[in-house]
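Chain by chain, the residues:
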Amino acid sequence: MTSLVWARPDALWLLALVPIFALTGIWLGIRRGRLQRVALLWRLAVVALLVVGLAEPLIASGSATGGAVFVVDRSDSIGAEARDAADRWLRDALGAAPPTRRAAIVAFGAKPVLATAPGAARDLLDVDAAAESATDGAVVDPSFTGIDAGLGLARALPLGGGRRIVLVSDGAENLGQAVDQAAQAALEGVPIDVLVVPGVSASDLRVDGISAPTSAWEG
Amino acid sequence: MNLLFPAGLAALVAIPVIILFHMRHTTPTRRPVPSLRFWEAANPRPADARRLRRPPLSLPLLLQIAAAALLAFALARPATAAQLTALAPGLHSEPRHLILLLDGSTSMSATPGATSLSRWEAARLEALERLAPLRQGDVATVILMGTRPVTLTATDDASLIALRERLALVTQPGGRADLDAALALAGDLFLPNLDRQVVIISDGAITADPAVAAGVDAPVTLVIAGAADEDEERANLAVIDISARPSPSGDGTVGLYTSVANFGPRSLTVPVSLHGDGLEIGRSDVTIAGGGAVEPLRWLLPPGVAELTVRIEQADSLSADNTASLLPGEAATAAIAPRILLVSDLPGALARALQAIENVQLTIEPGDNLSAIAAGGYDLIVFDRTAPPTETLTKLDTASLWVGPPVGGPLATTEGIVDPKVTRVRAGDPLLAGVDLSGATFGPTPIFTLSAGDEEIVGSTDGPLLFRTQVNDQPAVILTVDPETSNLPKRVAFPVLIANVVEALAPDGIPAAIPLGEPLVYEPRASTASVEIVPPSGEPAQLPVLSVESDDEEHIPIGSASRDIVYTDTGAAGVYTVTETDAAGIDLGSTRFVVNAGHPRESDLRIDPTLASALATASGSGVTAPREERVDLWPLLALVALMVIAAEWIAALWPAARKTTRRPVVRGAT
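Those sequence lines, one after another, are chains G and W.
Under the numbering used here, the first residue of the first sequence carries the number 1, and numbering increases by one thereafter.
Under the numbering used here, the first residue of the second sequence carries the number 1001, and numbering increases by one thereafter.
Hints are computed from structural coordinates only; laboratory data are not their basis.
Note that this is a predicted model, so its numbers are computed, not measured.
Mixed in with the good hints there might be a few duds.
Using C-beta positions, here's what the derived DEER-type ranges look like [claimed, not checked]: (1) W:Asp1454 <-> G:Trp217: 33 to 41 Å; (2) G:Gly119 <-> W:Thr1617: 27 to 35 Å; (3) W:Ala1211 <-> G:Val207: 25 to 33 Å.
Covered stretches of chain W, as calculated for chain G (at least 3 residues, CB under 8 Å) [as the list claims (entries may be wrong)]: (4) 1159-1169; (5) 1263-1275; (6) 1461-1471; (7) 1645-1653.
In this text, a Cβ means the ideal position worked out from N, Cα and C, and glycines have one as well.
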């Protein structure tokens, strides 16, 4: 959906000059034979177009031309094979996007970084979609999985128009509460699609916790 | 000075065209004359001797050339240094990313004494003023800080206009602002090739972590909305806590407990009134020391009051937190409370323990009423020394608690019966929170055997006494002890243990009151497909609920997914209504809860003295090299061109106007 908006709507008040020009032109010019009708019409057109130009008419496009923000998990819980598969999927998705669709990529570990700034989705194919560093040189800290911060950045990115968020993660969150961001996105009408990638398997051995008595006595 | 669109200078070709028009001989006007006798002598040169003449240096020609030149120059979009910013405010051309952190917390509702605008309205005007200069190429991000941070963005002229229009109409979100989260988000929003500026518009009654501010890596400006007045002018009284509970004396009366705080610098004595269902039922004068001191108050309540309101009868700059309400009867009558079915042939200690739990609906049925068990619709089924037959058990679709299950039931036992002693306890298990089993005896107890996946919580040398398992793929807790032969029901541990089990197995009820800005988190009942929450503003929010009956393998297994509802828009004070509906859209019941504006943090309107120093740590050292601010001059040039055209119009018509004004004088002379 498109609509016409004005950058300087106040300038349209200058259109009041048009009838003034017209009346003086007719009274002092045409009626006294000093001005031809065509000349008057030309001048009125110039003044009107100049005023409209000053008001800066703009075509505002609706949310249909929005895009997608890919939120990609770069934490250590995702193995190299799963990461490669996710990157291939990401490139396929960007390649299949319509030419007008915009996209951005957010990579996250403990904190999110903007891997690629918002732009045409197909243009992102030229950049390293698997980049682990941000546009400002920040590097992803892979030691934690903070999905909520990644989703928060995806919600706040100035993408233009509407958006949908695509989360690529194993869901092994250990920082923050992604459900809070998901609830807020739902209230804003921003859909979140999830591509689940394999993370650490359930059969993986790990030290789940350690506990000790608060005090102990010898003997 | 740079030309952003040099090709626009091609429009200068209009100048020679204009001159050419003026060099052209005009066609003589046809005029009837009485005689041609003197005609040749008056005009000796024939009119068509030359088609072109030398350009006449007339004022209209010069003005037309000037107008054309100005328009051509404007089309070339000249941009000049920032020295002309004052001349053309808002016409800068260097792209930038303006990040506005707009404080929408409850404290921004305060109205400083000298003005009629609230701080929120002043902040919004300030934000609109900051957004006004942005043009095509700029990016704006507005983070509206409240209970639920809302982000608004704009990337081009049209969306900037839409952003300004939306900001002009947006309502104050209320609640508590998390400046640290907003600053962290602003730090993450690094867009290349844009000069980033962060502006915080707040009342100053907000805290910031210096470490978070340092991570923003961009200049941060703090703007105090409204007057930056002293503590004296930011004095505020508030009801910051309200609750009702049975009197500790056990006389059956209910007490209302409330706390009144004074965030002004001086001690005050103020009247505080209590209203029940709209009628004043109590009043007292309270003296509260200044500097954030809190004074507790207590009233005895008459029975049957549905709605209570405590009111400070003194005006101050934030009136919303001078009252606080409570719905003491709502929890007992709420239709949304978890439904528990107790299957018992002889209700005793277990029934009493379940009845003592607040905010639940308890139904008791005998063990032979199999249709009630199979019908479903309950959030928890408790079997008291009984077990249904297998065909009924297979229809069990909810969590269950089994107390003293009989031998031969669905749970596997050995043939032995012992008088067990506790030898193993799973430390830290939430079912045992506050449960002291020392001194408890259990009487004759069958020996149950654990299956794979079962989790023993309390055990003896012969077998488990309390364990988790699954019955018909639903979570279940088994207490193997017969409460009638054990001394456990006579000890405090028993009702605490039962309450813990119910809390673990049944969904939570909705509390009658929620602190300002705290999210409402609860698990809807099993048959609920959607929850509607209507805030005080009246705009309902629909929250879908994950179905418990989904068997689709492509979906997330229910066992690992939460059915919790998270509702974060609790920033507005007032009464909220919660309604649950099933998949067919039929109402399953509704309840209400209250959010009060009074809060120890939001009611304190004093400026945080550490805020400025914390924000000063945001150096912006990592920002791209400082850019020279430039102003785009084309609108100025176009406006001047319009004025020149108007002047040319006057010059062109002036002789006719002068002739018109002289004519009466000539007539008078003759």
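Exercise. Identify every previously stated hint that the structure contradicts and give their numbers, smallest first.
Key: Violated: hints 5 and 6.
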